[in-house]
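Chemist: Below, each chain spelled out in residue letters.
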Amino acid sequence: MTSTIIMPQLGETVAEGKVLAWFKSIGDEIREGDNLFEVETDKVTIEVQAVVAGRLSEIRVGVGATAKVGEVVAVIGGDMTAKAPVRTEARAARASQWRSPFEEVSTPTEKFGSSKGPNGVRITPLARRLISEHGIDVARLSADVARRGATKVDEAAVRAALAERPSEPATPSVVIAPPPKPADSPPPEGAVISLNAVRLRTGERLAENWRTIPHVFQAIEVDFTRVDRVRKSRKADFQATHGFSLTFLPFIARATCLAISAYPQINARFSGATLILSRDIHLGIAVDLNHNGLVAPVVREAGELTAIGLAKAIRRQTEKAKAGKLSADDLSGGTYTISNNGAFGTTLTTPIINAPQVGILSTDAIGLKPAVVSTPEGDFLAPRMIGIVGQSFDHRAFDGAYSAAFLSRLKLILETRNWDEEFPSDR
Amino acid sequence: MASAKDATAPNESLANDDIGLDRRLELFRLQVEIRDCEKRAFDLFLQNLIKGTSHLSIGQEAVAAGFGVAMRKGDKSFCTYRGHAHTLARGASMEGMLGELMLRDIGLMRGKGGSMHLTSVEHGVLGSYAIIGAHLPIACGSAWRAQYLGEKDVSVCFFGDGTTNIGAFHEALNFAAVWKLPVVFVCENNLYMEYTPISEVTAVKHPAADRAAAYGLERIVVDGNDADVVYRIALAALEMARNGGGPSLIECLTYRHSGHSRADPAKYRPPGELEEWLKRDPVVIYRERLREFGVKQETIDAVEAESKRKVEAATEACKASPQAPVELLTADVYADGGWAWRN
Amino acid sequence: MAELTYRDAVARGIAQEMERDERVVFLGEDIGKAGGVFKTTVGLYEKFGPRRVRDTPISEQAILGAAMGAAMTGLRPIAEIMFADFLAVCFDYVANEMSKLRYMSNGQLACPLVIRTGNGGGVRFGAQHSQAVENWTMMIPGVKVVAPSSPVDVIGLMAAAVRDPDPVIFHEHKALYAIKGEVPDGEILDKLGTAKILRPGRDCTIVALALMVPRALAAAEILRQEHGVDAEVIDVRSLVPLDTQTILASVAKTGRLFTVEENPRLCGWGAEIVSIVADEAFWDLDGPIVRITTPHIPLPAADHLEDLALPSASRIVDKVHRVLNG
Numbered sequence: 000m001t002s003t004i005i006m007p008q009l010g011e012t013v014a015e016g017k018v019l020a021w022f023k024s025i026g027d028e029i030r031e032g033d034n035l036f037e038v039e040t041d042k043v044t045i046e047v048q049a050v051v052a053g054r055l056s057e058i059r060v061g062v063g064a065t066a067k068v069g070e071v072v073a074v075i076g077g078d079m080t081a082k083a084p085v086r087t088e089a090r091a092a093r094a095s096q097w098r099s100p101f102e103e104v105s106t107p108t109e110k111f112g113s114s115k116g117p118n119g120v121r122i123t124p125l126a127r128r129l130i131s132e133h134g135i136d137v138a139r140l141s142a143d144v145a146r147r148g149a150t151k152v153d154e155a156a157v158r159a160a161l162a163e164r165p166s167e168p169a170t171p172s173v174v175i176a177p178p179p180k181p182a183d184s185p186p187p188e189g190a191v192i193s194l195n196a197v198r199l200r201t202g203e204r205l206a207e208n209w210r211t212i213p214h215v216f217q218a219i220e221v222d223f224t225r226v227d228r229v230r231k232s233r234k235a236d237f238q239a240t241h242g243f244s245l246t247f248l249p250f251i252a253r254a255t256c257l258a259i260s261a262y263p264q265i266n267a268r269f270s271g272a273t274l275i276l277s278r279d280i281h282l283g284i285a286v287d288l289n290h291n292g293l294v295a296p297v298v299r300e301a302g303e304l305t306a307i308g309l310a311k312a313i314r315r316q317t318e319k320a321k322a323g324k325l326s327a328d329d330l331s332g333g334t335y336t337i338s339n340n341g342a343f344g345t346t347l348t349t350p351i352i353n354a355p356q357v358g359i360l361s362t363d364a365i366g367l368k369p370a371v372v373s374t375p376e377g378d379f380l381a382p383r384m385i386g387i388v389g390q391s392f393d394h395r396a397f398d399g400a401y402s403a404a405f406l407s408r409l410k411l412i413l414e415t416r417n418w419d420e421e422f423p424s425d426r
Numbered sequence: 000m001a002s003a004k005d006a007t008a009p010n011e012s013l014a015n016d017d018i019g020l021d022r023r024l025e026l027f028r029l030q031v032e033i034r035d036c037e038k039r040a041f042d043l044f045l046q047n048l049i050k051g052t053s054h055l056s057i058g059q060e061a062v063a064a065g066f067g068v069a070m071r072k073g074d075k076s077f078c079t080y081r082g083h084a085h086t087l088a089r090g091a092s093m094e095g096m097l098g099e100l101m102l103r104d105i106g107l108m109r110g111k112g113g114s115m116h117l118t119s120v121e122h123g124v125l126g127s128y129a130i131i132g133a134h135l136p137i138a139c140g141s142a143w144r145a146q147y148l149g150e151k152d153v154s155v156c157f158f159g160d161g162t163t164n165i166g167a168f169h170e171a172l173n174f175a176a177v178w179k180l181p182v183v184f185v186c187e188n189n190l191y192m193e194y195t196p197i198s199e200v201t202a203v204k205h206p207a208a209d210r211a212a213a214y215g216l217e218r219i220v221v222d223g224n225d226a227d228v229v230y231r232i233a234l235a236a237l238e239m240a241r242n243g244g245g246p247s248l249i250e251c252l253t254y255r256h257s258g259h260s261r262a263d264p265a266k267y268r269p270p271g272e273l274e275e276w277l278k279r280d281p282v283v284i285y286r287e288r289l290r291e292f293g294v295k296q297e298t299i300d301a302v303e304a305e306s307k308r309k310v311e312a313a314t315e316a317c318k319a320s321p322q323a324p325v326e327l328l329t330a331d332v333y334a335d336g337g338w339a340w341r342n
Numbered sequence: 000m001a002e003l004t005y006r007d008a009v010a011r012g013i014a015q016e017m018e019r020d021e022r023v024v025f026l027g028e029d030i031g032k033a034g035g036v037f038k039t040t041v042g043l044y045e046k047f048g049p050r051r052v053r054d055t056p057i058s059e060q061a062i063l064g065a066a067m068g069a070a071m072t073g074l075r076p077i078a079e080i081m082f083a084d085f086l087a088v089c090f091d092y093v094a095n096e097m098s099k100l101r102y103m104s105n106g107q108l109a110c111p112l113v114i115r116t117g118n119g120g121g122v123r124f125g126a127q128h129s130q131a132v133e134n135w136t137m138m139i140p141g142v143k144v145v146a147p148s149s150p151v152d153v154i155g156l157m158a159a160a161v162r163d164p165d166p167v168i169f170h171e172h173k174a175l176y177a178i179k180g181e182v183p184d185g186e187i188l189d190k191l192g193t194a195k196i197l198r199p200g201r202d203c204t205i206v207a208l209a210l211m212v213p214r215a216l217a218a219a220e221i222l223r224q225e226h227g228v229d230a231e232v233i234d235v236r237s238l239v240p241l242d243t244q245t246i247l248a249s250v251a252k253t254g255r256l257f258t259v260e261e262n263p264r265l266c267g268w269g270a271e272i273v274s275i276v277a278d279e280a281f282w283d284l285d286g287p288i289v290r291i292t293t294p295h296i297p298l299p300a301a302d303h304l305e306d307l308a309l310p311s312a313s314r315i316v317d318k319v320h321r322v323l324n325g
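Protein chains in written order, with numbering that gives the first Met the number 0: chain P, 0 to 426; chain L, 0 to 342; chain G, 0 to 325.
Since the hints were derived computationally from the structure, they do not count as laboratory data.
For each residue, glycine too, the CB sits at the ideal point set by N, CA and C.
Among these hints, one or two may not hold up.
Rough simulated footprint, nothing fancy, chain L against chain P, three-plus residues with beta-carbon under 8 Å [said to hold, decoys possible]:
#, region
1, 97-104
2, 357-365
What the simulated footprint calls covered on chain L by chain G, stretch by stretch (three residues with Cβ under 8 Å from a Cβ of chain G suffice, anywhere in the stretch; the number is not a length) [said to hold, decoys possible]:
#, region
3, 44-53
4, 146-155
5, 279-291
6, 332-340
DSS-like, lysine-lysine: derived pairs with alpha carbons at most 25 Å apart [to be verified]:
#, chain 1, residue 1, chain 2, residue 2
7, P, K110, P, K234
8, P, K67, L, K50
9, P, K110, P, K151
10, G, K190, L, K179
11, L, K309, P, K23
12, L, K50, P, K17
13, G, K99, L, K179
Let's have the full structure, built from the sequences with the hints guiding it.
Modeler: The following block contains the structure:
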């Protein structure tokens, strides 16, 4: 009498099992209860016993092959002559991993704007992509093209427009974790936001830096009361003279440069196994482009500048960034970076280092907080302007003690320096 | 298993003739199993467990069995879409064959080919071919290889009467004759192409045999419903080919009991024709012959019972079999197992 | 190094493979004693003998069928179909038999053979002996298709085709049989599925096949000298498998694509490439993709008419220049 051995049900959600081993061969006499084969499912590996006796006449599913629950894996008591070939490997699974049969050609998923400009001038697909990638004003470009009497915006027109820009807003060389984006209206549930090429490349660099540099973060609480006193007293004059507001940032930048001169390893870069200290400080300042990304233009020779000089230089770079007029030079050569996150009132930010630099400073909101002030008369609680200054550093370049010492020096400078001296004495 | 020992032969010379009882029991077993399996296929089609189309060989078992027993392991056979009998006759399993018809994973080709393309290389069944005449030159190629490599196998090519009017038939016969290839061409003349009697569309009476002379071959017409007759002519043709004597063309007269395919009720047959041919049913003829040789009824019954048991077991196995995994959709277009046409 | 004609390269490629592998056999009409109607197989019969180099009757179906049966059972046959137009006579074997055998048999049967055939026009043979039909074979799932444009490619791709375990259709070009090219000594083995950039450029990509390759190269030279256009010319070489990556990378660089196809326009081989580029490389395109083809007509025998029909270097120059400046 012929009986079929089927792949047993091995669990409620198990649909198939892989035969790991056969304990009997064709021709063997099987007794009820004998171990026949071993099967592996995604939950368990077990041995399957025979429930009938007889001669094992056929094995249909060999070692390494998979059978669905209920499928016949062997026959007991059947015809001994040759049957259909035994399946011994999941050959089919190997076969078509190349592409899905319905995706023989990969249609791109990005969209790069309309095929016509606002004035109806046609724009080639390549031009549309370049316009998007370089943040070109498509209305202006289309108008220029129409004015010239050309019939379409093509790659040449885009390249010409790019050449006319004072500088190309190339991909930023300093990469900092992007701040959270406060949307005017929250995107609908499940909305898909495509990242443009700039963001994608930035993201790749961020990931690379995060992955390759052993980041350690340290923070120190700084009392900005003295800085604030000077800042407030100089504010009006400064605005009148230079046309923009005096913030904490130039003070912090100045203090950073001064602290770096005492701790030069902060201002270094790796070259293989050596740390090359930079004589000059070229300070990268992170700039938020209205929530459309971050760039970190560099203030060159920042160490030579006073707080006012730094204020002006930072202002210049920030304006260029916002206008999309940064050059490649503006974005390269930084030796250290400051990430200034205070605008939204956050307490602490741990930034990502921009290789090949070995450290990056973060500052957050500075505001009135209760603090203990020690006087010869005793310790008193007083409202002070407190802010947290932190540093992410590359632990291969130096260790915590060095970084802490630098931060400590920075704090000291910020808290005790005579900041009035940074400003012209005659009023 | 039944053997000559079980028989008491009233006529010793008949029992010990060139075929012998053992081989006759084998011929009988094959015809019975083919018949039973084909009838089961008929039923499964009615139950919609066999889909698409199916071309049954009911009534034509003797040709398949006669050649199946005469051929050696290693000989290559090529047949048409009416190839179930030829596939079973070379030793392929019933569940492999029925499973393929049912398009299940247990099938000989896991459902990739279907009823018209039965293939089992391990049994020497090198394909069943749906395009009329296509396999005749292919059989020539296989024979050319044997000749070239000095291998001793013979390539046997089965086809119907309709094939004799297509170009590839004539090209293949000429080719085989000129190169003296070890190939045997077997025409199963069942009097009808699809729905048209062959006599209405052919310039000669015997569509194959009357063309043999055009290729310098012997005219051979035999009773295709007598397995002994088929066996003998098969053996002779195979031996001639194997010994370098070149090709033969054998016309076997037979009849199909059902329509061309399952979709065909065969109402085009003149009244009485089917009944006449049923008297020449090859299984009935052979059962009688065994009795004439004194084979016991129990022995005959055992063969028939075993056949029915095998058909049942095969049917159950096929019904239990799942269909092939979907990865097979794109498997084996190319030698690397895949289907990549681009990088 | 030696200078060899394309036709001599055919014989050399076949000989290289027949020497290497006893299973390689060769059959066709007038290929043996006569050395082939185009004298492409001169010397093979003398070298390998009648057992391995066999002259057949005029029986295209038998030629391909026999090649297939032999390939299925252990040999590595090369079959000649004298004129590619005749593929239509035995097309069942290409479209239904050898291409589907492996798939239908679930991998039990294989068909490692090469069909070599004289393809294309420009030789004044008239409509039934001049058509470029690579596209007929490109569209059949299960076969591979190559069309070399130079003697060295003939040998290398022939070797690759013979060694390939799948059926390969090898389109030789009748109008290229007489051209000469440098061929290194020793064994040459190329790779199916690889296109070649014969002339790098920046302004546009021109993809061509077989006879159209030298014409595209000539056109590229004129485009540079007379119009300041720097064209990149790619010899596709292999239609199946298709080297899409080389073509896509080129279009990413130049932004413009032209194909030069000898087949009559509809469903020519270039149509498929254009479709792939318009899909995957849409955002690299700076202008419309243009196919430069033979018009959709049978080919005339008259030489002045045939020369008008097939894309010429000057027609290529004219079209590329006009489209780029439009």
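Chemist: None of the hints should be skipped; say for each whether it holds.
Modeler: Consistency of the hints with the structure:
| no. | hint | result |
| --- | --- | --- |
| 1 | 97-104 | holds (count 4) |
| 2 | 357-365 | violated (count 0) |
| 3 | 44-53 | violated (count 0) |
| 4 | 146-155 | holds (count 3) |
| 5 | 279-291 | violated (count 0) |
| 6 | 332-340 | holds (count 7) |
| 7 | K110/P - K234/P | violated (47 Å) |
| 8 | K67/P - K50/L | holds (23 Å) |
| 9 | K110/P - K151/P | holds (19 Å) |
| 10 | K190/G - K179/L | violated (38 Å) |
| 11 | K309/L - K23/P | holds (23 Å) |
| 12 | K50/L - K17/P | violated (30 Å) |
| 13 | K99/G - K179/L | violated (29 Å) |
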